[in-house]
Amino acid sequence: ETGVTQTPRHLVMGMTNKKSLKCEQHLGHNAMYWYKQSAKKPLELMFVYSLEERVENNSVPSRFSPECPNSSHLFLHLHTLQPEDSALYLCASSQGLQRAYGYTFGSGTRLTVV
Amino acid sequence: GESVGLHLPTLSVQEGDNSIINCAYSNSASDYFIWYKQESGKGPQFIIDIRSNMDKRQGQRVTVLLNKTVKHLSLQIAATQPGDSAVYFCAEIQMNTGFQKLVFGTGTRLLVSP
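The listed protein sequences correspond, in order, to chains L and U.
Under the working numbering, think of the first position of the first sequence as 1, with each following residue one higher.
Under the working numbering, think of the first position of the second sequence as 1001, with each following residue one higher.
Because the hints were derived from the structure by calculation, they are not lab data.
Wrong hints could be hidden among the right ones.
[What the hints assert, rightly or not] Calculated pairs, DSSO-like style, for lysine-lysine (alpha carbon to alpha carbon, straight line, at most 27 Å):
| id | chain 1 | residue 1 | chain 2 | residue 2 |
| --- | --- | --- | --- | --- |
| 1 | U | Lys-1056 | U | Lys-1071 |
| 2 | L | Lys-41 | U | Lys-1101 |
| 3 | L | Lys-41 | U | Lys-1068 |
| 4 | U | Lys-1101 | U | Lys-1071 |
Full structure from sequences and hints, please.
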């Protein structure tokens, strides 16, 4: 375990479903991130939170809705997704926004949209 | 735009051989690079990093070389073992509006056969 826990590990959902991904970090970090990892593409930064405040929304469609209730938890709410949204969604945390070298990643949620 | 990319998608080696994984970057102002290893079913894990004021840095069985003249980065793994089989990413820290973010290359899959 890296100290960043993601649940569920696998998720299959229909295009009309609503589901949520959860990320929890036990490292005392202040910044949390959502990344999307698709086959044969670089990891894409989706959202950045610092002390529960969103500081980056990287042109992500509104069908992805993040939530950060506290510095230890991060959620990604999903609704009316498309098959091309199938990917591995990775959560990461770091000590702060100026500590990108200290990223710790979770194991990801493998999402399949059918 | 600026990018970090990899030369080869797959590298196959025999156990005990030395492995070299290459990476090219385009932003000449980049000053910090990180190599990550991602095993199947896991998130990326930090291997080694290097700052632009260095040409070489060594870790345990790994060496990173930086050639700023040609904007090239390489990861050398000595005496490659089956446990080294994974996807390797180079990443560059870029300054964004008020925070540092990691920009990843597409990755190279290393396959180690016994």
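Hints and how they fare:
no. : hint                    : result
1   : U:Lys-1056 x U:Lys-1071 : holds, 14 Å
2   : L:Lys-41 x U:Lys-1101   : holds, 17 Å
3   : L:Lys-41 x U:Lys-1068   : holds, 25 Å
4   : U:Lys-1101 x U:Lys-1071 : holds, 19 Å
Violation of the numbered hints given earlier is absent; every hint is satisfied by the structure.
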